[in-house]
Amino acid sequence: MTQEIRPVPGRVVSPADAVGDVVVGTLSLVVGGVVGAGRAAVTVGRPCARLVLEPPLLPSHSRPARVLGALGRRGRAERVLAVAALDDAITALAPLLVARILRAVPLTDLIRENVDLDAIVADVDLAALAHQVLDAVDLPEIIRQSTGSMTSEALVGVRLQSFEADQTVDRVLGRMHLRRRTRPAGPPAAEDPT
Amino acid sequence: MTDPAPQGRRAGVVSRLVAAGLDLAAIALLLLVASLGWTVTQWVLRPDDFSRSAPSLPLVVVTYEVVGTLYLAAGWVVTGRSWGQQVMGLRVVSTRGTRLGPLRALARAAICLAVPVGLLWVAVSSSRMSVQDIVLRTIVVHDWTTVGPIDHPTYAPSTGKPPIGMNRIASSGAADRTSLS
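Protein chains in written order, with our numbering: chain A, 300 to 493; chain B, 3 to 183.
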């Protein structure tokens with residue numbers, strides 16, 4: 300919709316503004332014409348395209364729309380495969396490439412010559428960083444767990460040794476016939492609790 | 003050769019002697035703390051008349067019997083084991099596999115303290131029972147788990163069959179968890 304523009308009374312327009320207004324008005328006219336032509340082309344072209352792609356006289360499996368759809372699906376599959384292959388190639392090549400570049404470039408020397416490391420370190424609040432690390436790491440819990448694990452292993456060792464000593468005593472007393480009966484102490488089913 | 007599965011088997015004389023030694027040390031420590039506490043209390047209440055004197059032998063024996071009995075019986079009733087047995091992974095249960103009641107625990111503790119040499123009968127007993135075990139129909143088994151003492155896996159000596167609860171505990175994999183004292 301074209302809006303009528305009226306000059307503001309009492310306002311003086313400079314020559315430069317007048318030229319600019321003329322240019323803008325011309326461009327808007329051109330753009331409006333192009334847009335209108337495009338709309339007209341779509342309006343006219345859509346039935347034509349439908350007629351070309353789906354001609355009523357051809358059987359449905361031979362219509363160009365169907366053929367184009369099949370071609371599109373095939374193209375999409377090929378594109379996905381190509382992208383995947385490219386992805387794999389980049390994944391394989393990138394580390395080699397980067398490693399080669401890093402070997403060729405003296406990175407440490409470059410940083411040492413061009414970066415003020417002292418200034419960067421001076422900006423870092425090392426005390427706060429250390430506090431953050433200590434807060435994130437539950438040191439007492441780690442010490443507790445490691446101590447508990449050592450205690451548990453030591454206990455198991457003591458228990459196993461006493462258990463072996465029990466069996467040794469049993470064997471010795473059995474050989475000396477000091478036992479009242481030679482029935483094995485302890486339940487036989489304990490070896491197979493199920 | 004070491005049996006790979008001591009869980010549920012009856013404890014031998016060495017394990018029980020070590021546990022008894024630990025319990026004896028714990029009782030001695032309790033008596034020492036009690037004695038020191040009594041001495042400090044006397045010194046605070048009557049600083050002028052305070053004189054440090056050694057307790058009489060009968061008083062020591064009676065206190066040892068009372069404190070030791072309460073210590074052992076409380077452990078057997080509440081958790082099924084005293085502190086020394088906790089360290090050694092042992093548990094006292096009845097021959098039916100159940101936790102001891104207060105009376106039986108008190109009687110067993112009293113006999114243990116009165117006749118400590120009765121523990122040595124475990125070495126010659128085929129069923130690994132001490133004198134107090136034979137009198138009160140109790141047994142001591144290896145139990146390295148942290149599960150509760152109720153229906154604990156033990157075996158009646160007459161049948162050799164597992165009591166209620168054995169399959170549950172064995173299938174839950176609880177036997178793999180060692181207890182920390």
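Among the hints, a few may not be true.
[Stated by the list, open to error] Chain B is faced by these chain A residues, among others (derived, beta-carbon under 10 Å): (1) S359; (2) S361; (3) D417.
[Claimed, not checked] Each pair of labels, with its calculated beta carbon distance range: (4) A464(A) with T41(B): 38 to 46 Å; (5) W45(B) with A464(A): 31 to 39 Å; (6) G473(A) with E67(B): 32 to 40 Å; (7) A453(A) with E67(B): 28 to 36 Å; (8) L425(A) with F52(B): 32 to 40 Å; (9) W45(B) with V471(A): 30 to 38 Å; (10) F52(B) with L428(A): 56 to 64 Å; (11) W40(B) with M449(A): 36 to 44 Å; (12) A27(B) with G473(A): 41 to 49 Å; (13) G473(A) with L33(B): 53 to 61 Å.
[To be verified] Take a look, some chain B residues computed to stay more than 12 Å from chain A by CB distance: (14) G14; (15) V16; (16) D51; (17) V62; (18) L72; (19) Q88; (20) I113; (21) V117; (22) W146.
Calculated from the structure, these hints are not laboratory results.
Ideal placement from N, C-alpha and C gives every residue a C-beta, glycine not left out.
Outcome of the hint check:
At a threshold of 10 Å, the smallest CB-CB gap from S359(A) to chain B is about 65 Å, leaving the interface hint violated. Annotation: S361(A) was flagged as interfacial toward chain B, and the flag is violated, the nearest CB pair being 69 Å apart, outside 10 Å. Given hint, D417(A) at the interface with chain B, is violated; its Cβ is 51 Å from that chain's nearest Cβ, farther than 10 Å. For the pair A464(A) and T41(B), the beta carbons lie near 40 Å from each other, so the given range of 38 to 46 Å is met.
Against the hinted window of 31 to 39 Å, the Cβ-Cβ separation of W45(B) and A464(A) comes to about 46 Å, which falls outside the hint. One distance hint, 32 to 40 Å for the beta-carbon pair G473(A) and E67(B), holds here, with the actual separation near 36 Å. Between A453(A) and E67(B) the Cβ separation comes to about 33 Å, which falls inside the hinted range of 28 to 36 Å. For L425(A) and F52(B), the Cβ-Cβ distance of about 58 Å falls outside the hinted range of 32 to 40 Å, so the restraint is violated.
Between W45(B) and V471(A) the C-beta distance comes to about 53 Å, which lies outside the given range of 30 to 38 Å. For the pair F52(B) and L428(A), the supplied restraint of 56 to 64 Å holds, since their beta-carbon distance comes to about 58 Å. One distance hint, 36 to 44 Å for the beta-carbon pair W40(B) and M449(A), holds here, with the actual separation near 37 Å. Taking 41 to 49 Å as the suggested C-beta distance range, the pair A27(B) and G473(A) does not conform, at roughly 31 Å.
The hint said 53 to 61 Å for the Cβ distance between G473(A) and L33(B), and at roughly 39 Å that hint is violated. Distance to chain A contradicts G14(B) as a non-interface residue, since its nearest Cβ pair spans about 2 Å, not more than 12 Å. At the 12 Å boundary, the C-beta of V16(B) falls inside the reach of chain A, the nearest C-beta of that chain being 4 Å off. Residue-level check passed: D51(B) sits 47 Å from the nearest beta carbon of chain A, beyond 12 Å.
Residue-level check passed: V62(B) sits 30 Å from the nearest beta carbon of chain A, beyond 12 Å. Non-interface status of L72(B) relative to chain A is upheld: no Cβ of that chain comes within 12 Å, the nearest being about 26 Å off. Remark: the non-interface label on Q88(B) conflicts with the geometry, its nearest Cβ contact in chain A lying 10 Å away (cut-off 12 Å). A cut-off of 12 Å between C-beta atoms confirms that I113(B) is not in contact with chain A; the least separation is 20 Å.
Distance check for V117(B) against chain A: the nearest CB is about 19 Å away, which clears 12 Å, and the non-interface claim stands. With a closest Cβ-Cβ approach of about 6 Å to chain A, W146(B) is found to fall inside the 12 Å limit, against its non-interface label.
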